[in-house]
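Trainee: Please put together the full structure from these sequences, using the hints given.
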Amino acid sequence: MCHCPLSLIHLYCQETRASEALRNISCEAPHLEGQGSPLQPVIFGKLPGGTESWTKSPAAQSWPGMGNGVKESTARVREDAEAILPSPVNSKSDHRQVLSSLLSGALAGALAKTAVAPLDRTKIIFQVSSKRFSAKEAFRLLYFTYLNEGFFSLWRGNSATMVRVVPYAAIQFSAHEEYKRILGRYYGFRGEALPPWPRLLAGALAGTTAASLTYPLDLVRARMAVTPKEMYSNIFHVFIRISREEGLKTLYHGFTPTVLGVIPYAGLSFFTYETLKSLHREYSGRPQPYPFERMIFGACAGLIGQSASYPLDVVRRRMQTAGVTGHPHASIMHTLRAIVREEGAVRGLYKGLSMNWLKGPIAVGISFTTFDLMQILLRHLQS
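Here this note's numbering is used: the first residue of the sequence shown is 51, the next is one more, and so on.
In short, the hints are calculated from the structure, not lab data.
Take the hints with a grain of salt, since some may be wrong.
[To be verified] Straight-line Cα separation of at most 30 Å, DSSO-like style, residue types lysine-lysine; simulated pairs:
id, residue 1, residue 2
1, Lys181, Lys279
2, Lys181, Lys327
3, Lys299, Lys279
4, Lys327, Lys142
5, Lys186, Lys279
[Said to hold, decoys possible] Label-pair distances were calculated between CB atoms; the ranges are:
id, residue 1, residue 2, range
6, Tyr237, Asn198, 54 to 60 Å
7, Glu187, Ala165, 19 to 25 Å
8, Ala165, Thr277, 21 to 27 Å
9, Trp247, Tyr196, 44 to 50 Å
10, Arg190, Tyr237, 47 to 53 Å
11, Arg190, His384, 52 to 58 Å
12, Pro246, His287, 29 to 35 Å
13, Val148, Ser262, 32 to 38 Å
14, Ser179, Ser262, 42 to 48 Å
15, Phe342, Arg182, 35 to 41 Å
16, Ser433, Glu296, 31 to 37 Å
Where is the CB? At the ideal position from N, CA and C, for every residue including glycine.
Mentor: Structure (structure tokens):
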């Protein structure tokens, strides 16, 4: 909630006599501590060690006479103190911030994944088979899929992708904002001004949180991408068949390599994007990059993050689709050894990486850009 000086004065007048109170708020304002005013939390802030350095607060600047008998006065707060609103306002503000992050993240994930869904499906098909990957073969597969099954078949499995990506992206972006705040408080930094290690940690924790909560949906998406329509008609059918034929624990088959892959992927992606934005502010002198610059920063982040985690992504897909592709890989090491033995370390573990270099930067660029622009729009609407 946005508090202008008039509204703050109104709150203060409800509890005390305005003329006397405002005359008392001066350079010697510390004597007001302990009176329990709703305005007091805005005026007073605590610094570590109890330092008592005072500065003017934008929340309590000088107000010229407004014809209502209130005299001009000045309030000062401790230097570097964080403005603290009364707890009910804080609570509402926090809730709005979380909802804003969830909504922005959901939209960002949906747009990004829909844009690259045909390329993603093609990559998964190669990842879970022993066919040799090449750009020519990938586009040939796209073309024959279009001829044999129709244009919209290129987006087969995208409904399951949306069911997974919308909550995944919403949780990941929202969690990232929360982890940034938590680590910022812990390390004594504010907002985006985190040092490199906490910046990397915030991204890794956000990705791990989102992956842990939405993993079964990722497995369902992979199953639908590599099977014909006759085998699984819809998302619920996949859940029912897996539960009956393979057991509920199968829904988390491949979870370990997923988390091991998400840690470097999410950590490096968020770290790279936040670092590039910080460098941009430093060298350009502009507080916000243009949308096309955000796209470039996001593309770089996606390229670095996905390249670092790609072998584990291949292992994850093999384990997820083992029940329908005839690859009974029971563990990470067993899957790794089988891939290296049958296809070679580079060709097997990096199969489809060139496709990822095409789709990954596009998807991550769209995702980060959409999230940032939505956050800016929602903040503008709220103000």
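Trainee: Would the hint linking lysine 327 and lysine 142 be met if the CA-CA limit is 30 Å?
Mentor: holds, 29 Å
Trainee: Are the Cα atoms of lysine 299 and lysine 279 separated by 30 Å or less?
Mentor: holds, 24 Å
Trainee: In this structure, is the beta-carbon distance linking alanine 165 and threonine 277 contained in 21 to 27 Å?
Mentor: Cβ of alanine 165 to Cβ of threonine 277: about 23 Å, so the range 21 to 27 Å holds.
Trainee: Taking the Cβ atom of tryptophan 247 and the Cβ atom of tyrosine 196, is their distance within the range 44 to 50 Å?
Mentor: Holds: the Cβ-Cβ distance is about 47 Å, inside 44 to 50 Å.
Trainee: Taking the CB of serine 179 and the CB of serine 262, does the distance hold inside 42 to 48 Å?
Mentor: violated, 28 Å
Trainee: Does the alpha-carbon distance linking lysine 181 and lysine 327 stay inside the 30 Å limit?
Mentor: Not OK: lysine 181 and lysine 327 at ~40 Å, beyond 30 Å, violated.
Trainee: Look at the Cβ atoms of arginine 190 and tyrosine 237 and judge whether their distance stays inside 47 to 53 Å.
Mentor: The hinted range 47 to 53 Å holds for arginine 190 and tyrosine 237, with Cβ atoms some 51 Å apart.
Trainee: For the pair tyrosine 237 and asparagine 198, does the Cβ-Cβ distance stay inside 54 to 60 Å?
Mentor: holds, 56 Å
Trainee: If I claimed the Cβ atoms of arginine 190 and histidine 384 lie 52 to 58 Å apart, would that claim hold in this structure?
Mentor: violated, 31 Å
Trainee: That 35 to 41 Å hint for phenylalanine 342 and arginine 182 (C-beta), does it hold up?
Mentor: For arginine 182 against phenylalanine 342, whose Cβ atoms are near 36 Å apart, the range 35 to 41 Å holds.
Trainee: State, for the Cβ atoms of valine 148 and serine 262, whether the hinted interval 32 to 38 Å holds or is violated.
Mentor: violated, 18 Å
Trainee: Mind checking the hinted window 31 to 37 Å against the Cβ distance between serine 433 and glutamate 296?
Mentor: Violated, at about 51 Å.
Checked against the numbered hints given earlier, this structure breaks hints 2, 11, 12, 13, 14 and 16; the rest are met.
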